[in-house]
Amino acid sequence: MDALWGLLPNILAAGVAAGTPVLLAALGEIITERSGVLNIGLEGIMIMGCVSAVMVTLDLHSPLAGLAAAMAVGGIMGLLHAAFTITLKGNQIVSGLALVLLGSGLSTMLGKGVLGQPVFDLFYPEALPWLADLPYVGGIFFKHDPLTYGGILLAPLVWFFLQHTRPGLLVRAAGESPETADSLGAPVALVRYGAVIAGGALAGAGGAFLPLVQTPSWVEGMTSGSGWIALAVVIFARWDPGKALLGAWLYGAVQALGFRLQAVGVPIPSQFLNMLPYLAPIAVLVITASRSRGQAIAPRALGLPYERESR
Amino acid sequence: MPGLIYPLAIFIALAAGWLLMAMAGHDAFSVYTQAFSKVFLSWHGLSETLVQAVPLGMGALGVAMAARLKLWNIGVEGQFMFGAFCATGLALYLDTLPAVALLPLMLVAGFMGGGLLAALCGLLRARLGINEIVTTLLLNYVVGLWVGYLVYGPWQALGSNVPETTEFAAAAQLPVIFPGTRVHLGLVALLIFAALCHFFLNNSVWGYRIRACGDNPRAARTAGIDYKRSVLLVMLLSGGLAGAGGMLEVSGAVHRLQDGTTPFFTMTVFMAAWLARLDLAGILVAGFLLAGLQVAGYYMQFMGLPSALVTVIEGVALLSMIAFEPLRLNALKRAGKGA
Amino acid sequence: MAQEPTVSMRGMRKSFAGLMAVNGATLKVAAGEVHSLLGQNGAGKTTLMNILAGIYRADAGEIQVDGRRVNIGSPRDARSAGIGMVHQHFRLIPSFTVAENLALAKSGLLISRRAMQRAAERLLERYGFGVPPAAKVADLSVGQAQKVEIAKALLGGAEVLILDEPTAVLTPGETEELFSLFRAMCRQGLTIIFITHKLSEVLGFSDRITVMRRGRTVETLSSRRAGQETLAELMFGRAWDAWQSARSRKTPGPRGERVLWLDKVALQADGFSCGLQSVSLEAFAGEITGIAGVSGNGQDALAELLIGLHRPAEGRLTLAGRAMPQPSPGEFIRRGVAYVPGDRLGQGLCPGLGACDNVALKRHSQPPFARLGLMSRQRARQKTERIIAKYGIKIAGLEAPVSLLSGGNLQRLIIGRELDAEVRLLVAVNPSRGLDIQGMALMRSELMKLRAAGVGIVLISEDLEELQAVSDRLHVMFRGRLSPPFFRGDQDAQHIGRLMAGAGFGEA
Chain A
1 MDALWGLLPN
11 ILAAGVAAGT
21 PVLLAALGEI
31 ITERSGVLNI
41 GLEGIMIMGC
51 VSAVMVTLDL
61 HSPLAGLAAA
71 MAVGGIMGLL
81 HAAFTITLKG
91 NQIVSGLALV
101 LLGSGLSTML
111 GKGVLGQPVF
121 DLFYPEALPW
131 LADLPYVGGI
141 FFKHDPLTYG
151 GILLAPLVWF
161 FLQHTRPGLL
171 VRAAGESPET
181 ADSLGAPVAL
191 VRYGAVIAGG
201 ALAGAGGAFL
211 PLVQTPSWVE
221 GMTSGSGWIA
231 LAVVIFARWD
241 PGKALLGAWL
251 YGAVQALGFR
261 LQAVGVPIPS
271 QFLNMLPYLA
281 PIAVLVITAS
291 RSRGQAIAPR
301 ALGLPYERES
311 R
Chain B
312 MPGLIYPLAI
322 FIALAAGWLL
332 MAMAGHDAFS
342 VYTQAFSKVF
352 LSWHGLSETL
362 VQAVPLGMGA
372 LGVAMAARLK
382 LWNIGVEGQF
392 MFGAFCATGL
402 ALYLDTLPAV
412 ALLPLMLVAG
422 FMGGGLLAAL
432 CGLLRARLGI
442 NEIVTTLLLN
452 YVVGLWVGYL
462 VYGPWQALGS
472 NVPETTEFAA
482 AAQLPVIFPG
492 TRVHLGLVAL
502 LIFAALCHFF
512 LNNSVWGYRI
522 RACGDNPRAA
532 RTAGIDYKRS
542 VLLVMLLSGG
552 LAGAGGMLEV
562 SGAVHRLQDG
572 TTPFFTMTVF
582 MAAWLARLDL
592 AGILVAGFLL
602 AGLQVAGYYM
612 QFMGLPSALV
622 TVIEGVALLS
632 MIAFEPLRLN
642 ALKRAGKGA
Chain C
651 MAQEPTVSMR
661 GMRKSFAGLM
671 AVNGATLKVA
681 AGEVHSLLGQ
691 NGAGKTTLMN
701 ILAGIYRADA
711 GEIQVDGRRV
721 NIGSPRDARS
731 AGIGMVHQHF
741 RLIPSFTVAE
751 NLALAKSGLL
761 ISRRAMQRAA
771 ERLLERYGFG
781 VPPAAKVADL
791 SVGQAQKVEI
801 AKALLGGAEV
811 LILDEPTAVL
821 TPGETEELFS
831 LFRAMCRQGL
841 TIIFITHKLS
851 EVLGFSDRIT
861 VMRRGRTVET
871 LSSRRAGQET
881 LAELMFGRAW
891 DAWQSARSRK
901 TPGPRGERVL
911 WLDKVALQAD
921 GFSCGLQSVS
931 LEAFAGEITG
941 IAGVSGNGQD
951 ALAELLIGLH
961 RPAEGRLTLA
971 GRAMPQPSPG
981 EFIRRGVAYV
991 PGDRLGQGLC
1001 PGLGACDNVA
1011 LKRHSQPPFA
1021 RLGLMSRQRA
1031 RQKTERIIAK
1041 YGIKIAGLEA
1051 PVSLLSGGNL
1061 QRLIIGRELD
1071 AEVRLLVAVN
1081 PSRGLDIQGM
1091 ALMRSELMKL
1101 RAAGVGIVLI
1111 SEDLEELQAV
1121 SDRLHVMFRG
1131 RLSPPFFRGD
1141 QDAQHIGRLM
1151 AGAGFGEA
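Chains as they are written, first to last, in our numbering: chain A, 1 to 311; chain B, 312 to 650; chain C, 651 to 1158.
Keep in mind that the hints are not guaranteed to be accurate.
Claimed, not checked - Straight-line Cα separation of at most 30 Å, BS3-like style, residue types lysine-lysine; simulated pairs: (1) C:K848 with C:K1033; (2) A:K243 with B:K381; (3) A:K89 with C:K848; (4) B:K381 with A:K112; (5) B:K381 with C:K1033.
If you are wondering where the hints come from, they were derived from the structure by calculation, not from laboratory data.
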């Protein structure tokens, strides 16, 4: 146990990094869902982000290019989801599942050529001057890779966007009451398109983190459920970017704890430790749900296509 | 013609697959014709398709059952595996029982195993309002790891380094119904389950309650129907069907518990249910066609094509179905007016 | 008053799914006037105005604003033509503050909370609306929310303001206040089009009146020249007589046992609905007990309490002499409680199921619908056919989804189902809302028949006229509390109106 206490800062630091892919995807999903569209295809978008990041980085030797490619591919998948659910008014859950199928299949096919190839051009951790020297906190928060910093910065930015900018206000209005937004002349469909594409791009970025920071190569199915966990984080966070940060770190820490325990040789089968990151979100949802029952917090028009002449 | 969109969706999906194969330098036409003739025009292919149709059909029935209450059970894969695990436990530890006793016990164990796992998610949904999509899906990973632990650890066959249990005793294996093929009694079980589901939903009081709750929970509650209890029941049945499917698979086709299942089982099963618009007879047809696609995937692997091609084709077919949905509804509306 | 028309609509037509909602309407509105658009429910008033406001696109017709022909295809077009609309269902976002709701109508990239707040304050003060800009819309009273809605339309630069049934949700006092606001706004140069189905309102407050019937505009007359009788005839056509006679047929039944007794019942408020505080209510067999009040004052909670959906937090609920400490809807149904909900498709029926399944809904597990856990389709079909024939329900097929039925047929189906068993207590919420004149007459005659047959009836309605016409005793509801009963004869509209606005409800 003492050894574990000694490891705690280490685990927390690893958790902050490990939570990044989930954080990025969850922030994107918050924007998407706040506009009234549910995209459960995150898992498929993230895996496409992984494979495109690897392919482009191997080709151009620049992780930034890889990240850009992942975001572009994520945005395109978001566009696809938007077209199917907003314009064609298809079922959002089925379309999301189709994205998962498509992403899994395409990534496997596209990744055949780069399977197992090591990626050398990565985002490396950089200690932030001065901040990294802070006792305790410095080690946990300020010795990370640029993507992790980006995720941490993005949370308040998304919050500011939603609360203090007009596009953000429109996004929220489209998710709360599209007919109101429409009656004021706000382009509901356009706003939703934008939100879903942005959400897809962020999920793509989350996917890019995995090969460009964590496991420097392409492995089939390497997201291993991160997209689904991001969905759980959004619910836990009650569509609030700040709480999403908390949720993602919690998830990251649990994952890191599992790895560390395995590394120090705790006599628990690895499978049980690997279960933790999947059980933890359920446990957290149970605990938080029982405390705040009956509150209407989800965007009111979430999951509903908007049609002007529907009455 | 609302039905026209099915062939159209299949055509678009095949065209997408064609494009991908052409890009990779394969002769798509010969791949398709070979795959088609091997799957649907040969006894072996046809029988293998029937074998594949059992787990897909059972899973799709489970999805459709939950969907009747507007619940999304995307944990059928986990429930399937959990049912397989429960059945395997009996097969390994009660192997002295005769088949007439052991097989029904295994089926009940599989059904209850999968059912209780799903009912747990149903309970969280009914009591705490926790989204069942997330919980059922996350449990897939947990069950996968649990089965992995067993077949790499305590249940691994003695002296083997393959992650699987020993082969079941003869009494724990479902008999083959067409000699010379692998088609087993599970196919009959699937048909019986489908008929039972149909009867349950349309002719029983509980089925009626589920339909009413699925259509309008508020009206159902006002009429004295317990919505939460319906959620629990429907999830129990939904997971139970998947779990029973797991039992049929391990007992009928694989004869042992293995690590990992068919990739994207959940999605394929979902597609079968969605394609059939939750119509139970349609599910059997869709399940058969998708099973054919899976078997075609195996053949394609022999031809040096990635099996993921099948997944892509399925994804495109699903998306085309969504895209054509407005067309279908319009056609239905026009047909309704004409009548 | 200027007489050149500010807005002129000619030959307007609009149909929904083959149903003509507006079928040849012509409307001329002069600048600076209050113009009433009068007609019964379903006459096409709202549809016509939704076309003007750009919510619907007309199938045919020409619109001119200030003498220029305009093409209005979206709310944005309408706004740039200077037309704003206040809908019956407010287009406000409840989870946003007043300021945020108003800011939605403006442009610019960044929003400073403080500047947004101040802008809202200025606007609200200019018209003397007196609404706090930082409050969440969900916390406002209906009257206040309506003012925010009007402010929003004015913010969009509206010169012609359309109000859809603005008084439907207001107390008589709030209505007076709204009308004086209209006067002030017209003096500032606004033109107001005001949709209503209440005869009594239009004469006092409008300059001119256009009457609509069955999708057509019938006539436009000056309010000085119009009388109540003329307007009624224009509005209803010959159906007016039938309605009048149904109203006058009032045969009191024998007052019987007390079928319902609420003794100081309290119910927790949950979420958006207002709870109940110390509510005492008695209903007797053969009597109609009316509950008046502006919607949103706990009527829904009361209705759901009476059908067993809620357990009282305090107090006692006695049904036909039996205390019900653990109520459940199933139990209440078995004890003969029938329910005609206000929200027909939402609470009364399963829209996606067929008529048969819907008829079976309440008693699906009992004979004749089910035996030994199995449903009998044939019995359900026989029952349904009988109900359809009895109430003249127009229906495509027994298995076709009931969502395809019109509002009147839905209501008939519910009534048919609810009364197809032994009823001791009927709870009805706004039963005649949205019905045409035949539907209203049928509803009223059914109520009278039941009353004569010794059924206890609790009628919860927003329509004071209807309540006064039929109830034997009348309570007023305000913020979850219930006034003592008024009996037939001493039901004075003005006093009841004051109660509806909350006067006379002490803090006790």
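Quick rundown of the hints versus the structure:
no.: 1; hint: C:K848 with C:K1033; result: violated, 38 Å
no.: 2; hint: A:K243 with B:K381; result: holds, 29 Å
no.: 3; hint: A:K89 with C:K848; result: violated, 39 Å
no.: 4; hint: B:K381 with A:K112; result: violated, 38 Å
no.: 5; hint: B:K381 with C:K1033; result: holds, 29 Å
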